[in-house]
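Enquirer: Each chain, letter by letter, is given below.
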Amino acid sequence: MITYLEAIRLAQQKALATDSRVFLYGQDIGSFGGAFKATKNLSAEFPGRVLDAPLSEDAIVGMAIGAAIEGARPIVEMQFADFSTCGLNQIVNHAATLFYRTSVPCPIVVRLPSGGTSGGGPFHSQSLEAIYAHWPGLVVVTPATVEDAYTMLLEAVNIDDPVIFCEHKFLYYHLKADSLPETALPIGKARIARAGRDATIVTHGAMLHESLAAAQELLEDGYEIEVVDLRSVKPLDTDTILASVARTGRLLCVSEEWPWGGVTAEVLARISTEGFGLLDAAPMRINAKDTPVPYHPDLWAAHRPTASTIAAAARRLLHI
Amino acid sequence: MSKKIAPVTQSDFIKAYRVMLTSRVLEEKLAGLYRAGMIKGGVFLGRGQEALSVSVGIQLRRGDIFAPLIRDQAGRLAFGDTVLDTLRTYLGSQLGSMRGRDGNIHRGRPREGYYAMISHLGAMIPSVAGALLARRLKGEQGVVGATCIGDGGTSTGAFHEGLNAAAVDKLPLIVVVANNQYAYSTPNSRQYACSDLLDKAAGYGVGAHKADGTSLMDCLQTLRNAIHAAREGGGPQLVVADLLRLVGHGEHDDFAYLDPKLKKSAVGSDCLLLAEKHITDQGWHTADEVAAWKRETESEVNATADRVRREPSPDPSEDDWAALSRPEYREQYAAS
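As given, the protein sequences belong to chains A and B, one line each in that order. For the record, in the first sequence the residue sitting at position 78 is 77 according to numbering that gives the first Met the number 0, with numbers rising by one throughout. For the record, in the second sequence the residue sitting at position 241 is 240 according to numbering that gives the first Met the number 0, with numbers rising by one throughout.
This is chain A alone, in the form it adopts within the complex (with noise of 0.2 Å):
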């Protein structure tokens, strides 16, 4: 079995051993294997070209953007996704502006180990993804299955934009595969994960599970959710939402970030003006609460929407 974890692994694998330009940079990930091994053995069977960064993120993403420049294709690993606000600069000013700026783009893949996790705590457990989709230039990617993890870093590394990997550590161990496919839908392609026909929830990353889980609890209900993993969020897959919506009726959107602004803001904007019509109530949204993320397990669990917060807000969409 393959873990969510070690499909990226793979996909770092692969993509050093099919592409002469790929090299990886990061804190702790040379013979050391990164801090959540995602770089296990790569510096020994790439030597050279799995190097170790000294703890200074605005230099390992300056430094990406120069290789880039020069050719290569650098994947670089923040050691947790909330380090790299210490790398924002370089990730929104110089990477996300150079191609609009001077027609020459900027192939890099920034991974962030995101989300939370049990005893995680403030400052290693944030979702990050919408503050990087707000500043144009940046392609934005949450892949939430083992298949999606390895598919779309190894699209992510020929992509000719800089590419935010948002890859969550809530499933790295747990979520488990028999194999690894060889196809996949192109990142910028929602997916349904399941089908229904009351209502849709609209989530990505983590919250795919939880919501997954909440639309296995209304079928005992009676009620078929039908759930779109969003995949990227930037770009978004409107028209899969809008074609959901239109089966459904009903809207709710679910993420683990914060609620100001967001993900789940910009689905419930889009479809609003895009899809009023095909709205049968009032669509709705759960975020993480607006505090940062706490350490204890027992307030962490309340702080992050669950399977069972999403489906009593499913009961709620649904009037039940």
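Rather than coming from a laboratory, the hints here were simulated on the basis of the structure.
Derived DSS-like pairs: lysine-lysine, alpha-carbon spacing no greater than 25 Å straight-line:
(1) B:K209 / B:K260
(2) B:K137 / A:K13
(3) A:K36 / A:K13
(4) B:K209 / B:K3
(5) B:K276 / B:K260
(6) A:K39 / B:K137
For chain A, the structure is supplied; the task is to place chain B on it using the hints.
Expert: Positioned in the frame of chain A, the structure of chain B alone reads:
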């Protein structure tokens, strides 16, 4: 060091001086155009920094990487930028390298190793370091990269992170600090507390070079030494040149905060005038010949400016408004 460093010759000096002169004349034209309201944004001049700047750009080779900063008009011209593209970028011509999408000093041709700075100081240091890392991974040898910064920029986190990371990988990077006494209006006394910015080199474990920023000869020789050391495998080199910015931060700034004592001190001399004096004192050329060069340059700059002023502005209806290279990723909710 495997090879002996050649001394700066008369020919080297004259060539560099001619670029400094072009830079000065071009910048005077830009200031005039600014006062006439013809520049689309701000104008930021490098007066007083030409000797240092030209010494970087003119001594890099084809295939090297150069990421200049705000006051590097001279270094840009020496590295291959042109009067034409400078004017196009300042005047917002559609034909300029930035096509109206960015302006003034934020210009470059990254594919030619001439990087386009962003405004966030220090950001180019790790980027040039990364470019050099990529060249090393490709197996290229003997390539160097240089980037310029000021006293203010040395206080940024990016300066620290970039120089440190370059030092860890012993990359052939030259970081050139124009210690021009002010970061906008902030004097050095409020910028750093070490006795000399060059002291930082020891902390990072990089080569250290001090230049008299008012002396073209000293700048040329110092940069030659630093570039040589980087090219020969000596790792990053930090160059600090003391000089005085002889103009405000931009042409909108009257520079009223300038301490008059600095103007009269050793750093307050005009490097262009000192270089001219060196040429005539050495008997290499007469003052009349130097004056003729200046008239010739003015004539070329004026003619180029007249040409650029007739060029088209960018047409918003023609811009593809694409921040991503893939058309299918274009944001469908943008204004149209």
